[in-house]
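Enquirer: Based on the sequences and whatever the hints tell you, model everything.
Chains as they are written, first to last, in my numbering: chain A, 19 to 360; chain B, 4 to 265.
A hint or two may mislead.
[As the list claims (entries may be wrong)] Counterexamples of contact, computed for chain A against chain B with all Cβ distances above 10 angstroms:
1. Arg-52
2. Gly-92
3. Leu-177
4. Pro-331
5. Ile-333
[As the list claims (entries may be wrong)] Quick list of in silico lysine-lysine cross-link-like pairs, DSSO-like style, CA-CA up to 30 angstroms:
6. B:Lys-179 x A:Lys-171
7. B:Lys-6 x A:Lys-295
8. B:Lys-16 x A:Lys-172
What the hints contain is simulated information worked out from the structure, not anything from laboratory work.
All of these numbers come straight from a predicted model, not from anything done at the bench.
C-beta: ideal position from N, C-alpha, C; glycine also.
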Amino acid sequence: MSEPPIAATHLKKYYQVHHKEPGLGGSLKSFFRRKYRDVKAVDDISFEIAAGEIVGFLGPNGAGKTTTLKMLSGLLYPSGGRARVLGFTPNERQPAYLRRMTLVMGQKQQLNWDLPAIETFLVNQAIYEIPDDVYRKTLDELTELLALASLLKKQVRKLSLGERMKCELAAALLHQPQVLFLDEPTIGLDVTMQTKIREFVAEYNRRYQATVILTSHYMADVTALCKRVIVIDHGKLMYDGGLEELAARMAPHKLLRVELASAVDGQNLARYGEVVKAEGQRVELLAPRSKISETAARLLAELPVVDVTIQDPPIEDVITRVFEEAARARQADAAEEAAEDD
Amino acid sequence: MFKYFKLLGIFWKFSVLRELEYRANFLTNAFMSVFWLFWGIIGTTIFFAHSDTLGGWTYEQVLVVLGLYTMFLGIMEAFFRPNITEMIEQVRVGTFDFVLVKPVNAQFYASFHSLTMWRLADVVAGAGLILYALRAMGLTPTPMQWLAFALLLAVALILVYCIWLGMMTMSFWFVKIDNFAELFYAFYETGRFPISVYSGLLRAFLTFVIPIAFITTFPASALMALLDPMELLIGLGLAFLLLGFTNRLWRFAVRSYASASS
Chain A
19 MSEPPIAATH
29 LKKYYQVHHK
39 EPGLGGSLKS
49 FFRRKYRDVK
59 AVDDISFEIA
69 AGEIVGFLGP
79 NGAGKTTTLK
89 MLSGLLYPSG
99 GRARVLGFTP
109 NERQPAYLRR
119 MTLVMGQKQQ
129 LNWDLPAIET
139 FLVNQAIYEI
149 PDDVYRKTLD
159 ELTELLALAS
169 LLKKQVRKLS
179 LGERMKCELA
189 AALLHQPQVL
199 FLDEPTIGLD
209 VTMQTKIREF
219 VAEYNRRYQA
229 TVILTSHYMA
239 DVTALCKRVI
249 VIDHGKLMYD
259 GGLEELAARM
269 APHKLLRVEL
279 ASAVDGQNLA
289 RYGEVVKAEG
299 QRVELLAPRS
309 KISETAARLL
319 AELPVVDVTI
329 QDPPIEDVIT
339 RVFEEAARAR
349 QADAAEEAAE
359 DD
Chain B
4 MFKYFKLLGI
14 FWKFSVLREL
24 EYRANFLTNA
34 FMSVFWLFWG
44 IIGTTIFFAH
54 SDTLGGWTYE
64 QVLVVLGLYT
74 MFLGIMEAFF
84 RPNITEMIEQ
94 VRVGTFDFVL
104 VKPVNAQFYA
114 SFHSLTMWRL
124 ADVVAGAGLI
134 LYALRAMGLT
144 PTPMQWLAFA
154 LLLAVALILV
164 YCIWLGMMTM
174 SFWFVKIDNF
184 AELFYAFYET
194 GRFPISVYSG
204 LLRAFLTFVI
214 PIAFITTFPA
224 SALMALLDPM
234 ELLIGLGLAF
244 LLLGFTNRLW
254 RFAVRSYASA
264 SS
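Expert: Have a look at this one:
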């Protein structure tokens, strides 16, 4: 078996961050003497990604997703461990590697603000040494897939955010990379545009068998595109596997949506599970996954139920819960340590 | 190698296009370079109304120095200043990442991808002033003098490039470095006059530490049979050393660069 296109082994990145107290006093103090502390942005993460896979990186802000992407794309040197992409060590930034990958950052743009996007495309054509006929063919394809025809000759600063993002994607894909690192590609876009970008990524992946890593704040991006997710929190890998198993593993509860013939008071409902929502006759309850059929049966027998459905809770909520629990656990640990210090 | 010439052409075309988007800038720039050239000539002329020589140099000889000063000011403003400004911005907002993930030499890209074409007017004006002053003195440099001049121009170009590259490198660590450029310009001001005007430590400083003398005085000397061959040799050595050092510094900085807002 040849090696997988993307592999991280015990990847680590520690930063020294300077720490400033608030206000002018703090600024002055930090001008003269900077206090540094170590931040473990990525702390021993390992995974492998197979050719043609689209994998979603999930995690709250500052979890280490972007740092991991930057190590994989060769922008940052790992403090420890190893990254391998397409058989290269990314931080050596060999042209042969850079020619086959791309990085898209939703919050940063490479297009020149003052010129039409097509001018940046031509610069990229020269940088990636794309022959004219290949360039034209790829550009035509991208133009069609992203509906760029009317945008290419407009000054970039006159484009809307969504239009600009489409041009950014095209600029990043002219050289037909095999590995795509997409960091928040849909950030700030409206729902329609998000969907378009999503469909495009799926189509690109299909056409070119490209391997994609995607980070996003929008769960919809991840659920639509990725069968597999990697959850990172505080630099640690918390989960790596299927999206559906994530729900099962991390959410030990199911959601019962109940419609009642008449209102039932809250205390009575609480006997069946955690009340998430109670609006008159419509009620939502979280009940342990293992006892879900038993709970549903009891509900039907004991309450005036008109209708009941059993669902997985929304993945957003699952993830939020996981992170909240992890944060609570850390706080408890810290409190314990502090207590021991006394 | 061919790729880089082609890229240079595309970068510059790109820059020209960008400047054409802002037409008013063109007139202002063209006017400013003519204005500053005359301002410099007037200053020198006023000085010579009170004295026959400046640091042992005659009026026309000083004009050659002023011509070189104007030429290199134009070169710096046309080629280096726009690149450093852009690099500071790219490092600050983190878009320098896009340069580093491209299969292109990052130093080449950062140094040359932008050009302020209008400031080339200074180069033309400076060259004109040099030719005018030579004619006014009735001097025709020999082929050997032209050769020495060409070599010293190359040395001066390399030195100027190294100084700007050094400043760009600093932006990796300090991000906001506009003030370095201002400080350098303050030193560069001294290059309006031949180095012999300055004495002692200042002179050594302006020759070897911030080698302004090699940018304006020595190339001018070459044209007017005032050059000590040692100066040419030292210049070549200095250019060689500084280029090696700043290249190394750049590579080290890229290695330790941690992009903004990770």
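Enquirer: Now tell me, hint by hint, if it's right for this structure.
Expert: Hints versus structure:
1. No beta-carbon of chain B is positioned within 10 angstroms of the beta-carbon of Arg-52 of chain A; the least distance is around 13 angstroms.
2. For Gly-92 of chain A, the non-interface assignment is contradicted: its Cβ lies about 7 angstroms from the closest Cβ of chain B, within the 10 angstroms cut-off.
3. The beta carbon of Leu-177 of chain A sits about 15 angstroms from the closest Cβ of chain B, which is more than 10 angstroms, so the claim that it is off the interface holds.
4. Distance check for Pro-331 of chain A against chain B: the nearest CB is about 32 angstroms away, which clears 10 angstroms, and the non-interface claim stands.
5. Distance check for Ile-333 of chain A against chain B: the nearest CB is about 26 angstroms away, which clears 10 angstroms, and the non-interface claim stands.
6. Distance restraint check for Lys-179 of chain B and Lys-171 of chain A: the Cα-Cα separation of roughly 34 angstroms exceeds the 30 angstroms cut-off, and the hinted pair is therefore not satisfied.
7. Of the supplied pair hints, the one linking Lys-6 of chain B and Lys-295 of chain A is violated, its CA atoms being roughly 64 angstroms apart against a limit of 30 angstroms.
8. For the proposed pair Lys-16 of chain B and Lys-172 of chain A, the alpha carbon gap of about 18 angstroms is at most 30 angstroms, so the pair holds.
Comparing the model with each earlier hint shows violations of hints 2, 6, 7; every other hint is respected.
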